[in-house]
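J.: Following the hints, position chain B against chain D.
Sequence order for the protein chains is D and B.
Position one of the first sequence corresponds to residue 1 (the numbering used here), numbered consecutively onward.
Position one of the second sequence corresponds to residue 1 (the numbering used here), numbered consecutively onward.
Just so you know, these hints were derived from the structure itself, not from any lab.
One thing to keep in mind: the hints can contain errors.
Sample of chain D residues lacking proximity to chain B, with all beta carbon distances greater than 12 Å (derived) [what the hints assert, rightly or not]:
| id | residue |
| --- | --- |
| 1 | 85 |
| 2 | 105 |
| 3 | 152 |
| 4 | 157 |
| 5 | 163 |
| 6 | 164 |
| 7 | 167 |
| 8 | 170 |
| 9 | 171 |
| 10 | 187 |
Examples of chain D residues toward chain B, derived with CB under 8 Å [stated by the list, open to error]:
| id | residue |
| --- | --- |
| 11 | 30 |
| 12 | 67 |
| 13 | 169 |
| 14 | 190 |
| 15 | 193 |
Note that the Cβ used here is the ideal one computed from N, Cα and C, for glycine as well.
What follows is the residue order along each chain.
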Amino acid sequence: MSIFLVSFIGALCSTDITAFGQFMIYRPIFCAPIVGFLAGDIITGFCTGIVVELFWIRAVPMGVSVVVDISMISILSTFWACTYSPGLKDAAILGLLLAIPFAYLYRFIDILGRKLNIKIMYWVESGIKDFKNRYIEIGILSSLILFILRAFLFYLFSVTVGSRLFCDIYAILPSYIMSGLAKAWYLLPVAGFGLAYNLSNIRLLFLRDCGK
Amino acid sequence: MITLYTRVFIRSFFLQSLWNYERMQNIGFVFILKPFFDKIYTVQERKKGALLRHISYFNTQPYMVGIIVGEVVDMERKILKADDVNKQDEIIREMNRFKNNMAGPLAAIGDSFFYGELRPMLSFLSIFIMILLTNRHPEYVILAPIVFITLYNLIHLGTRICFMYEGFKYAGKSMKILIHFKSISNNVRFCVFILALAALSLYLDVFSFSNEGKLFNSGYDDLFVYFAVFLFSFFSASRFGALVVMFSVVTICIILPILGIK
Numbered sequence: 001m002s003i004f005l006v007s008f009i010g011a012l013c014s015t016d017i018t019a020f021g022q023f024m025i026y027r028p029i030f031c032a033p034i035v036g037f038l039a040g041d042i043i044t045g046f047c048t049g050i051v052v053e054l055f056w057i058r059a060v061p062m063g064v065s066v067v068v069d070i071s072m073i074s075i076l077s078t079f080w081a082c083t084y085s086p087g088l089k090d091a092a093i094l095g096l097l098l099a100i101p102f103a104y105l106y107r108f109i110d111i112l113g114r115k116l117n118i119k120i121m122y123w124v125e126s127g128i129k130d131f132k133n134r135y136i137e138i139g140i141l142s143s144l145i146l147f148i149l150r151a152f153l154f155y156l157f158s159v160t161v162g163s164r165l166f167c168d169i170y171a172i173l174p175s176y177i178m179s180g181l182a183k184a185w186y187l188l189p190v191a192g193f194g195l196a197y198n199l200s201n202i203r204l205l206f207l208r209d210c211g212k
Numbered sequence: 001m002i003t004l005y006t007r008v009f010i011r012s013f014f015l016q017s018l019w020n021y022e023r024m025q026n027i028g029f030v031f032i033l034k035p036f037f038d039k040i041y042t043v044q045e046r047k048k049g050a051l052l053r054h055i056s057y058f059n060t061q062p063y064m065v066g067i068i069v070g071e072v073v074d075m076e077r078k079i080l081k082a083d084d085v086n087k088q089d090e091i092i093r094e095m096n097r098f099k100n101n102m103a104g105p106l107a108a109i110g111d112s113f114f115y116g117e118l119r120p121m122l123s124f125l126s127i128f129i130m131i132l133l134t135n136r137h138p139e140y141v142i143l144a145p146i147v148f149i150t151l152y153n154l155i156h157l158g159t160r161i162c163f164m165y166e167g168f169k170y171a172g173k174s175m176k177i178l179i180h181f182k183s184i185s186n187n188v189r190f191c192v193f194i195l196a197l198a199a200l201s202l203y204l205d206v207f208s209f210s211n212e213g214k215l216f217n218s219g220y221d222d223l224f225v226y227f228a229v230f231l232f233s234f235f236s237a238s239r240f241g242a243l244v245v246m247f248s249v250v251t252i253c254i255i256l257p258i259l260g261i262k
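Extracted from the complex, chain D is given alone in its bound form (with noise of 0.2 Å):
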């Protein structure tokens, strides 16, 4: 799978979020079994996409909240996993891990694009002053498209940068640490399953049943 798929699907997905249509195809659970099954290892994928799911299941932007791009996390680590470790548990966890910073990072880009929007905004409404009225077309595409180009080049950044990074990690981890990530395989879904059940509606059915 080459690092240009896989950033043209990331940047699909990272649009997802916000900027068109949420079809849901950023969640965890669709995007890192997709590209697990792209990258020839699609159980990777899959493990990978519960736990993301699981632990950032109220990832959802509401208001002024710019939420961090948790498809980012999963077709990053997917990506580095199944390309460079196929079939190895630790090697999954550590790019769960190494993905993380990068998601976080991409927040940051992702609030100073939004800064940015405020200035077409401006352009806009004084086109629409002028009887200019094609700018409301030109600011939503020119936005999308900005939108896009950033998030494929923030992957492509990730994908080169991580691939290097996750391969020199991973060959001079000691072996007890390779040992304890692989344990991690098993037990962060459960605790995933743990922090779904707290942070989702389900508690309010009893607080509501409680009340009564």
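T.: This is chain B only, laid out in the frame that chain D set:
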């Protein structure tokens, strides 16, 4: 007219493309309404006035925007028909009140139902199918994410179409559709609970209690470890967040063998 409604519907997917911190979805909302304004306003000055009316702050849940669009389109028609300036101002004030008052509650209902209940329910269903297929028919495991995306978008697109249709057809009365949400919402929440429990049980059965998922070779009880991790994440989730819980679990897994627990 069907083409116009279709264009308005397709444009509703771009509501957040120019999302910004100052006025959020304002340009996206104007972008949705523009084909309608192009059709009804022949005088450029009036069209400009209509577009500028909607360029102020606007924010709602993207799936629910159809209701507001339908109502706004109906009110814009009334503004066009009103000859008296005072009458027009009155309708404009009413329209702004409606937009401001309804956007927030619709966002709350939509976020809570779609992001807080429906999506987690389908996520747990998909996880359940994934684990089941991995255990029995690994060659079909790709079906699980496809089930998730298909079911979610059937409901999501159905809702978008339904809301836009209701908004256009029953302008002024379209809010009654929201009454059904509460009863559906309670049932979905119960399904989330059942599916989450089923997925966890299946996961433990397939992975954790099998020989493959055996954590310790020196007599430590795996069930106790899984239970402890579950409780730890359950009680620490709200206070510390997902990242701290994840790194804590990984750190514990690395430290235990160093302490001699192998």
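J.: Hint by hint, say whether it matches the structure.
T.: Now the hints, each set against the structure:
no. : hint : result
1   : 85   : holds (17 Å)
2   : 105  : holds (14 Å)
3   : 152  : holds (16 Å)
4   : 157  : holds (22 Å)
5   : 163  : holds (21 Å)
6   : 164  : holds (22 Å)
7   : 167  : holds (20 Å)
8   : 170  : holds (15 Å)
9   : 171  : holds (18 Å)
10  : 187  : violated (5 Å)
11  : 30   : holds (4 Å)
12  : 67   : violated (11 Å)
13  : 169  : violated (14 Å)
14  : 190  : holds (5 Å)
15  : 193  : holds (5 Å)
Hint compliance for this structure: hints 10, 12, 13 are broken, all remaining hints hold.
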